[in-house]
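Fit chain B to the given chain A structure using the hints.
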Amino acid sequence: MNTLAALAAPRRFRPGFWTAVFVVLFLAFCTVTVIRYTKGLGAVTNLSDQFPWGLWIGFDLLCGVGLAAGAFTLTAVVHLFNLKRFEPIVRPTILTGFLGYAFVIVALLLDLGQPWRIWHAIVYWNTHSVMFEVAWCVMLYTTVLAVEFSPVVFERFGFHAPARLIHRLITPLVILGVLLSTLHQSSLGSLYLIVPSKLHPLWYSPMLPLYFYISAIGAGIGMVILESYLSKRAFHRHLEMDLLEPLARGMVVALGIYGLMRLQGIARNHAFGTLGSYEGRMFLVEFLLGVVLPVVLMSFRRLRTNPDWLVGGAFLAVLGFVMNRLNVSITGMEAASGTRYLPSAMEIIVSLGLVATGMAVFAFAVRTFSIFPDGPVAGRSKEPAVGA
Amino acid sequence: MGLLFDATRCIGCGACSSACKEQNKLPGKVEEVLTAYTWTTVQEKEGLNVRKLCMHCEVPTCASVCPVGALKKTPEGPVVYDAERCMGCRYCMMACPFEIPKYQWDRPVPVVGKCIMCAGRVKDGQPTACAAACPAEATIFGKKEDLIWEARTRIRQKPGAYVDHIYGLTEAGGTSVLMISNVPFEKLGLKSNLPGEPPAMKTWQVLSNIPDFVAVWAVFLYGVHWITARREEVARVGANGNGHGRNGQGNGREDRS
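Residue numbers (the numbering used here), protein chains in the order written: chain A, 1 to 388; chain B, 1001 to 1257.
Be aware that one or more of the hints could be misleading.
Derived pair list, reagent style DMTMM-like, types lysine to aspartate or glutamate, alpha-carbon separation capped at 20 Å [as the list claims (entries may be wrong)]:
1. A/K232 x A/D374
2. A/K84 x B/E1232
3. A/K39 x A/D49
4. B/K1123 x B/D1146
5. B/K1191 x A/E334
6. B/K1191 x A/D49
Anything over 12 Å on all C-beta distances counts as not near chain A; from chain B, calculated [said to hold, decoys possible]:
7. E1022
8. Q1023
9. D1082
10. R1121
11. T1153
12. R1154
13. Q1157
14. A1172
15. G1238
Keep in mind the hints are simulated off the structure, nothing from the lab.
Even for Gly, the Cβ is constructed at its ideal location relative to N, Cα and C.
Pulled out of the complex, with its shape left as it was, chain A reads as follows (with noise of 0.2 Å):
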């Protein structure tokens, strides 16, 4: 094993604890995927036709694009307003960010009834529709991750001439990345607009699309820095501290902004009155935790500077972010529905699937390319495949 290992990969890895429940993971994921695509999604997830929309779409859909969103905040930093010194995290976050897209596209490929038909996006349009524009947006926005990335492969096999010509394009493909960006991270938002009747108040807002967008910024600063963190358990790197602390600071920004429009909106529906009821607690939670304590703690500049405080922080607003996705997709759409959706437990196999899945790509890619800055990482860490 070892030695077929070393022969694959350039570096030395050696599967641990992590590699094995990434296995597990992996194992159940395809087990599920088998009983899904032969007795249809009713036999594994707790969807109905009250509930059509589960965890996939609340999770998968809106939580793994929304946090691919620090690939085009960087991407802008870097390229448009010119702060070179963030380069060296870029592809880390690029990278992150393909891979959130990636996971979404196989998250659809499952939740989608005849996913075999997802190219009819394609030649049936109907540009009325919110979901197509997302469908558009998330294809053509993947291609431009991939072609942002290609570069660091193409320098792995020497091909020189084509990562030059990328270089040459970037300012065109980054302005087309944060346009295609900005478009669905707020239509993502723009997708309940359509069930003002249905979406509890303390959620549903004409500036839905606003909300998504403006949050997903500060969740996806939140996850460049969360990212670094586990990259540097997994490959016992160190924390670029110089370059995350800023960022912090960027996080406080969008998530104050996001949390004072958020509670404009909330005066404006008169739904304070509503904060006693499961609903509201559900809110609270989210608030509180992944709003307001993240912003009241990333504000003061010891804290910022401490690593350990910095990622709290930042776990903080990742999480909250989560939260409120989950409570606008799931929560806030249960009382007028008349039912109570919880994931089932194949649901919950697949999300956690494809995150293990997403993370040992990861692990693979930073061993094989020169995503850090310093070079491939070798694997000789004791938490080696799934970062940690």
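For chain B alone, coordinates are given in the frame of chain A:
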């Protein structure tokens, strides 16, 4: 064209549901609630019998959200479904304010099921199967204007016998199926919190602005890039010992960069 349902006349015999099953070749027995295989059913509420079926909105939310245009409003009134196009995203189910489209959860190759107002029959000038089968004239088929006139006449002729509201006239922007009753509609399990304008307008307001937005945003982003790149260039020229910049404009800018 459209349907008018009068809850005070319905005797709950279920002839409409059976006729629907037969007409549309739907498997299984008529179920209590709507499913992918039962497109219309009669429910007993408040001592009345109430039909459940697709309302066939004038501006159908399902048709507006479908990314591949599998749902469409025909000129005759029915909202029809093209199973060959559908990829199964179920956004129509999520978005429908009346919660009508249902799914074949038990099949590996599932499609959406919902009342299509016997679009083929209607196109040929025939009434829907449910209206033709109704022995009590609780469901009648006709031109929408005629049905509105009929409903108004019934409400006016027997004061107090009906709630003074035609359900479907304004709900979600108006529907091709109209209902009248002597019991408030929310008690019959019909949604009473629906907006008067079609929900589709809310997303269209956003979507229709995308072309303008893309143009402005692209110019802005390029502008930002141009400014920062120019600053860097000026700073570089300044740092090379030429204090005046390349073409004399550098003086003011190099301090800021």
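Hints and how they fare:
1. A/K232 x A/D374: holds, 13 Å
2. A/K84 x B/E1232: With a Cα-Cα distance of about 11 Å, the restraint between A/K84 and B/E1232 holds, given a limit of 20 Å.
3. A/K39 x A/D49: holds, 17 Å
4. B/K1123 x B/D1146: Holds, because 18 Å separates the two Cα atoms, which is no more than 20 Å.
5. B/K1191 x A/E334: holds, 15 Å
6. B/K1191 x A/D49: Holds, at roughly 17 Å.
7. E1022: holds, 23 Å
8. Q1023: Consistent with the label, B/Q1023 stays out of reach of chain A, its closest Cβ about 22 Å off (over 12 Å).
9. D1082: The claim breaks: B/D1082 does not keep its Cβ more than 12 Å from every Cβ of chain A (closest is about 9 Å).
10. R1121: The claim holds: B/R1121 sits with its nearest Cβ about 26 Å from chain A, beyond 12 Å.
11. T1153: holds, 30 Å
12. R1154: At roughly 28 Å from the nearest Cβ of chain A, B/R1154 sits farther out than 12 Å, so the non-interface label holds.
13. Q1157: The claim holds: B/Q1157 sits with its nearest Cβ about 33 Å from chain A, beyond 12 Å.
14. A1172: Not fine: 8 Å to the nearest Cβ puts B/A1172 too close to chain A.
15. G1238: Given a closest Cβ separation of 16 Å, the condition holds.
This entry does not satisfy hints 9, 14, going by the numbered hints stated previously.
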